[in-house]
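K.L.:
Each chain is listed here by its residues.
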Amino acid sequence: MFDGGFLTTQLDKVIGWSRKYSLFQYPFVTACCGMEFMSTACSHYDISRFGAEIPRFSPRQADVLFVVGTISHKLSPVLKRVYDQMCNPKWVVAFGACASTGGFYDNYATVMGIDRILPVDIYIAGCPPRPEAVLDGLLQLQAKVEGRTTGESGLVQTSG
Amino acid sequence: MAPEELIETIRERFGDAVLGSHTAHGDATVVVTPEELRNVCQFARDEPQLRFELLLDVTAVDLSKLPEWETRFELVVHLRSIENVAILRIKVPVGEEDPRVPSVTKIYPAANWFEREVYDMFGIEFDGHPDLRRILLYDEFEGHPLRKDYPFDRQHPLVPLREAWTPGIAWKLEERWGQYARDRGEPPA
Chain A
1 MFDGGFLTTQ
11 LDKVIGWSRK
21 YSLFQYPFVT
31 ACCGMEFMST
41 ACSHYDISRF
51 GAEIPRFSPR
61 QADVLFVVGT
71 ISHKLSPVLK
81 RVYDQMCNPK
91 WVVAFGACAS
101 TGGFYDNYAT
111 VMGIDRILPV
121 DIYIAGCPPR
131 PEAVLDGLLQ
141 LQAKVEGRTT
151 GESGLVQTSG
Chain B
1 MAPEELIETI
11 RERFGDAVLG
21 SHTAHGDATV
31 VVTPEELRNV
41 CQFARDEPQL
51 RFELLLDVTA
61 VDLSKLPEWE
71 TRFELVVHLR
81 SIENVAILRI
91 KVPVGEEDPR
101 VPSVTKIYPA
111 ANWFEREVYD
121 MFGIEFDGHP
131 DLRRILLYDE
141 FEGHPLRKDY
151 PFDRQHPLVP
161 LREAWTPGIA
171 WKLEERWGQY
181 ARDRGEPPA
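Going down the list, the protein sequences come from chains A and B. Read in the numbering used here, the first sequence has 101 at position 101, and its numbers run on one by one without any break. Read in the numbering used here, the second sequence has 176 at position 176, and its numbers run on one by one without any break.
Treat the hints with caution; some may be incorrect.
[As the list claims (entries may be wrong)] Here's a subset of chain A near chain B, in silico, CB distances under 8 Å, partners left out:
hint, residue
1, Ser-39
2, Arg-56
3, Ser-76
4, Lys-80
5, Asp-84
6, Gly-103
7, Asn-107
8, Tyr-108
9, Arg-116
10, Ile-117
[Said to hold, decoys possible] So these bits of chain B aren't anywhere near chain A, every CB distance computed over 10 Å:
hint, residue
11, Asp-27
12, Thr-29
13, Glu-83
14, Asn-84
15, Phe-152
16, Arg-154
By construction, these hints were calculated from the structure, which means they are not laboratory data. Model, not experiment: these values are computed from the prediction. All C-beta atoms in this analysis are idealised placements derived from N, C-alpha and C, irrespective of residue type, glycine included.
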């Protein structure tokens with residue numbers, strides 16, 4: 001009756017479902033995107049509706065690293081260290097144009113996208129992104145955490 | 001004090017050490033030799049008629065992209081007199097070979113970090129500075145990025161760069177990065 005495969009599959013689903021609704025974030029905020037992050041976190045947009053309302057300022061207690069803003073090469077060892085201190089499983093969100101690609105910076109000081117130094121799960125576009133975009137990014141991350149894949153269009157496939 | 005009077009006062013005191021002068025928008029500008037920079041600052045600060053108590057800024061200009069230039073750099077010092085309501089701009093020509101000027105930190109302690117910034121960005125060295133090292137960039141950085149011959153996007157990463165991966169999008173580090181690495185004599189990644 002309790003075939004091993006059957007039980008394991010169900011457990012994965014339960015774990016994925018519970019993880020996606022209790023994402024503790026580490027906000028690594030360096031620039032103007034932080035204002036939009038605050039806006040998203042506060043009551044108007046209320047990120048706590050999605051279970052991600054608790055910022056943890058210790059990387060050891062965080063599940064997802066929000067890199068919010070421009071990262072310079074001088075700062076990159078700090079960011080790398082914060083990432084290394086986080087416990088598995090862990091996810092990284094590149095919040096805004098600068099964290100995703102370097103944005104309009106093309107100079108001697110700026111890291112041209114944090115995926116040069118960290119593996120990134122979700123990129124949120126915008127300069128800075130609107131709170132709706134942030135919430136959409138969070139939902140995409142939740143789908144990824146739960147184990148669903150994204151299609152070619154980049155949209156989350158909610159079935160299957 | 002009118003800017004013309006200001007220039008006249010400095011010219012009277014320093015004579016040939018003043019290489020040039022002009023006024024613009026109510027500010028006076030004097031170009032002086034590096035040897036006399038400290039004396040001019042001391043005079044501007046202590047002379048009762050002048051009393052420039054406040055150092056506003058120390059910066060520099062790389063002139064090498066201009067159609068015509070003689071000395072490559074120009075150090076610019078801005079002084080402010082609150083007492084006499086005046087601004088004095090002192091410029092000092094700095095040569096390309098061994099760019100070096102005397103520090104004014106003994107006269108204006110506020111110049112300390114400004115001079116470190118000029119050293120960081122232009123590589124101009126200040127004789128007599130108590131702590132001349134980079135202030136904005138990190139010690140591993142090679143070169144001085146505000147020099148016109150510095151490639152504006154040449155970077156010196158502190159963390160080893162990873163091959164980025166994104167599902168569905170295959171890309172690698174840009175060609176120009178490899179080019180810079182080859183310029184520096186590093187083996188290809």
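K.L.:
For this structure, which hints from the list above don't hold up?
P.N.:
Hint check: 1, 2, 5, 6, 15, 16 fail, others pass.
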